[in-house]
Amino acid sequence: MKTRISRRRLLRTTALAAAGVLGATLARTVKAAVQKLAVSSAGPKGYEPTKHKWLMVIDVNRCIGCGLCVEACKKENHVPQGPNYFRTWIERYIIKKPKPGSTRGEVLVDSPNGGMNGFPPATVPKEEILHSLYVPKLCNLCSHSPCVQSCPVGATFDAPDGAVLIDPKYCIGCGFCIQTCPYGCRFLNPITRTAEKCSLCYHRITRGLKPACVEVCPGQARIFGDLKNPVPNDPIQKFFATNRVQSLKPYLGTGPRMRYAGLDEEVR
Amino acid sequence: MTMEITNTIVQVLPRFEGYVYPNEATVQPLWGVLIVVYPYVTGLVAGAFIMASLVRVFNVKALEPVYRLSLLTAFAFLLCAPLPLLFHLGHPERCFEIMITPHLSSPMAVFGFVYAWYLMAVLLLELWFDYRCDFVEWARTQTGFRGLIYRLFTVGVTDVSEPALRLDAKLSQVISIVGIPSAFLLHGYVGFIFGSVKANPWWGNVLMPIIFILSAIVSGIALCAFNYLVLGWVRRTELNMRCLDVMGMFLFYALVVDAAIEALDWGHRVYEAGESFQILQYLATEKLFYTLRVGQALLGTAVPLILLGLLQLFRTRFAEIVRKRIYFASAVLILVGVLAMRWNVVIGGQLFSKSLRGFMSHKMEFAGTEGWLMAGALMVLPFVLLAVMINLFLSTKLRTCKRETTGPLPA
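For the protein sequence lines, the chains are A and B, in the order given. Each residue of the first sequence is one higher than the one before, starting from 1 at the first, in the working numbering. Each residue of the second sequence is one higher than the one before, starting from 1001 at the first, in the working numbering.
There could be a bad hint or two in this list.
[Said to hold, decoys possible] Heads up, simulated SDA-like pairs for lysine to any residue below, C-alpha to C-alpha not over 20 angstroms straight-line:
(1) B:Lys1363 <-> A:Pro83
(2) A:Lys249 <-> B:Lys1198
(3) B:Lys1397 <-> B:Ala1273
(4) B:Lys1198 <-> A:Arg268
(5) A:Lys53 <-> A:Pro230
(6) B:Lys1198 <-> B:Gly1274
[Claimed, not checked] If you want the footprint, here are the derived chain A segments under chain B, 3+ residues with CB under 8 angstroms:
(7) 78-91
(8) 99-113
These are calculated hints, taken from the structure and not from any lab test. Because the structure is a prediction, the values reported are computed rather than measured. Glycine residues also receive a C-beta, built at the ideal position from the N, C-alpha and C atoms.
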């Protein structure tokens, strides 16, 4: 009978150990939740994230494809050089005239080096082009972000002010968020080995500045503002009042808050 | 094909076709061969466990000779399962965050719990209860390092009285019953990780977890048959043909169900022909021609189906040696086919752009974290562990407890 008690004791000890691990997990989760709140409000002194709702919208008709925004973003945010690391990039769509009897011509899409150095002349003769457009791309600020949902440690999170942020000290570099972002907005930084994406230049906007890309855009294609604190003649309010707008891949249910004016159906 | 022609890009790096988002234009896919190995290994674990549970839960007595081998196979592979994940992480030193601060809306966060549950509460316990009587016996009779290991494994519990052994058998069975849904959970969640990615039409599919579970069962049974045959040849012992035939039968029927569900998935995709159909069709027919059509469909499914099907129909007409060779060939083909299936899912899903306008290409390196060498080493490691375990726990020199429900390897 002695040994049976011993077995029972063994099982009990194992169960206690398991309960201990679970308890520690619970405690750490609570601690992490508290920390996260602190992180999301970690702007400069006096910055209150709950009192803002930042948004960027794009007027495609105004983009000239100069690529200054891409360059400014790379410099401002120390984005690694190289043709496959971008927090923002520009796509060029060239839609050729349809052949007789068809509704749509060929569509040519490119983004050489993310559009950072502008675009080479189109190889298509001018008279064959129906439309062409430049489309700046960046984080779509989803309200049901698949990246936030899929991050296994909660390193990616929705800030109360509308930004979707990444805590690089917490990211384990699994890449799941990169896979789940339908817009290709994320990449794994080869230096920090963590996921990276547009933060709306959080370090600037929390200090009353505009994101770098907005600041340098010569055509004012990128419009940025605070939905909770509209200024007189607010550009965002004006944008919504004067344009019919669209979002990218709305059928996926990610609820992108980013809006575009002047998009074409070919843009994904 | 039309899309390929219409979406010719103006300026593009040579390894890409069409337009891909700049962040996707990487030399290596984000999830490389390590993430191919990971679901393959966990699938083998789940399948080998289901195989073992056929004996305990469903009372298939004919499979008794491979019961312990199946459990040890599952155990050896489970111990290696987290390694590819760990090596793949950008920050492996932060891996425990996934367990201590899990973000519960992420299917990946469940990994730690599912893994710990399966290892600690299912496999280790089932093995321990099954081996307890033997450990007590071997701890008494064996000396030296071997004896020390057996003494450690008894964890001080030396009661081998009849009621105690009855309790062991009962607990073992309970754990087996709990283990079946656990095995489904272990591998189903891996399928869910891929199936839940709605951004990727190749992955985002409600059938994905089911396909993963079924292919896991098939690969697990194939692995057990492979191990049993190889062990018999290495030890030059007589194999139990009844056991092999029954294993072949289960392998055949599992493969039929697996092939049927995968065919249903294909049929559904083709009939639905949604927005992504064109690009996926090109992916399946051109980009993944060798691994999908040849590796997975022909060699990994059709050929073993025919071979094993023939044995179901005309078993008595084949000599034992022919049957053994057919089982061996089928097991190897299935193992290769399921590996190809994992490759097609993981790598295939990263060969096309989420813009649905272009393709990336993939060339595996030899050395490096995501290279052939690493993948090979991670595939060999569980077999090395298994060899050590077989030497320790399935040794022909050791006398096992005389119990009806457990038996040593081949009679």
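Verification of the supplied hints:
1. B:Lys1363 <-> A:Pro83: 19 angstroms, holds
2. A:Lys249 <-> B:Lys1198: 11 angstroms, holds
3. B:Lys1397 <-> B:Ala1273: Cα-Cα ~60 angstroms, so violated.
4. B:Lys1198 <-> A:Arg268: 15 angstroms, holds
5. A:Lys53 <-> A:Pro230: 10 angstroms, holds
6. B:Lys1198 <-> B:Gly1274: Given that 20 angstroms is the threshold and the Cα spacing comes to 14 angstroms, the pair holds.
7. 78-91: Answer holds; 6 residues pass the 8 angstroms Cβ test.
8. 99-113: holds (count 8)
Hint 3 from the earlier list is the only one contradicted by this structure; the remaining hints agree with it.
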